[in-house]
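Asks: Sequence:
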Amino acid sequence: MRAALPLLCVLAIAACTTTNPVEAVARASAKSVVLPIVQQRLPGPQAEAVAVCIIDNANTDEIFSLSRDIGTRAGTTTVQTVSTILQRPNTIQCVLGAGLPGLAL
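Under mature numbering (1 follows the signal peptide of the UniProt record, and there is no 0), the residues of the sequence shown are numbered -24 to -1, 1 to 81, in order.
Among the hints, a few may not be true.
Using C-beta positions, here's what the derived DEER-type ranges look like [unchecked claim]:
{"hint": "1", "residue 1": "Thr48", "residue 2": "Arg17", "range": "16 to 22 Å"}
{"hint": "2", "residue 1": "Ser8", "residue 2": "Gln56", "range": "15 to 21 Å"}
{"hint": "3", "residue 1": "Asn(-5)", "residue 2": "Arg49", "range": "24 to 30 Å"}
{"hint": "4", "residue 1": "Gly47", "residue 2": "Gly75", "range": "17 to 23 Å"}
{"hint": "5", "residue 1": "Glu(-2)", "residue 2": "Asn66", "range": "14 to 20 Å"}
{"hint": "6", "residue 1": "Gly73", "residue 2": "Pro19", "range": "29 to 35 Å"}
{"hint": "7", "residue 1": "Arg44", "residue 2": "Gly75", "range": "28 to 34 Å"}
{"hint": "8", "residue 1": "Gly47", "residue 2": "Arg17", "range": "27 to 33 Å"}
{"hint": "9", "residue 1": "Arg17", "residue 2": "Asn(-5)", "range": "17 to 23 Å"}
{"hint": "10", "residue 1": "Glu24", "residue 2": "Val1", "range": "17 to 23 Å"}
{"hint": "11", "residue 1": "Thr48", "residue 2": "Gln69", "range": "27 to 33 Å"}
{"hint": "12", "residue 1": "Gly75", "residue 2": "Arg49", "range": "19 to 25 Å"}
{"hint": "13", "residue 1": "Asp32", "residue 2": "Gln56", "range": "15 to 21 Å"}
It should be emphasised that the hints constitute simulated quantities derived from the structure, not laboratory data.
All residues carry an ideal CB built from backbone N, CA and C; glycine is no exception.
The whole structure should be built from the sequences, with the hints applied where relevant.
Replies: Below you can see the structure in the form of structure tokens.
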């Protein structure tokens, strides 16, 4: 019984995870694509905060679309996708809530 307790704890913790591992990797990849785009307009920590807001407000299709551009220079479609997400009310609220100015790409 004692040997089973650690396994049960691990399973219980794993059951609490709501993020799909594939989606988590895609989100991290998408953020690495979005950040350089935002850094063209904002410096360091501000760009990081805006990139997080963009990723948090992107839908699943947009996340996977952005993540496909990892390792390449962002093209016009990618920049347009980021701009579209940035113009959404929830994204604007996130950016303003972080104490950052509005940003247009």
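Asks: Now tell me if each hint is right for this structure.
Replies: Status of each hint after checking the structure:
1. The hinted range of 16 to 22 Å is satisfied by Thr48 and Arg17, whose Cβ atoms lie roughly 20 Å apart.
2. In this structure the supplied range 15 to 21 Å holds for Ser8 paired with Gln56, their Cβ-Cβ distance being about 18 Å.
3. At roughly 28 Å, the beta-carbon separation of Asn(-5) and Arg49 lies within the given 24 to 30 Å, and the hint holds.
4. Restraint check, Gly47 to Gly75: a C-beta distance of roughly 32 Å breaks the suggested window 17 to 23 Å.
5. As the Cβ distance of Glu(-2) to Asn66 is approximately 18 Å, the hint placing it in 14 to 20 Å holds.
6. At roughly 19 Å, the beta carbons of Gly73 and Pro19 sit outside the given window of 29 to 35 Å.
7. Distance hint for Arg44 and Gly75: a CB-CB separation of about 32 Å, consistent with the stated range 28 to 34 Å.
8. Under the hint 27 to 33 Å, the C-beta atoms of Gly47 and Arg17, about 22 Å apart, miss the expected range.
9. Restraint check, Arg17 to Asn(-5): a C-beta distance of roughly 31 Å breaks the suggested window 17 to 23 Å.
10. At roughly 19 Å, the beta carbons of Glu24 and Val1 sit within the given window of 17 to 23 Å.
11. For Thr48 paired with Gln69, a C-beta distance near 31 Å keeps the hint of 27 to 33 Å intact.
12. Distance hint check: the CB atoms of Gly75 and Arg49 are about 30 Å apart, inconsistent with the given range 19 to 25 Å.
13. Judged by the Cβ atoms, the range 15 to 21 Å given for Asp32 and Gln56 holds: they are separated by roughly 19 Å.
Hint violations for this structure: numbers 4, 6, 8, 9, 12, all remaining hints satisfied.
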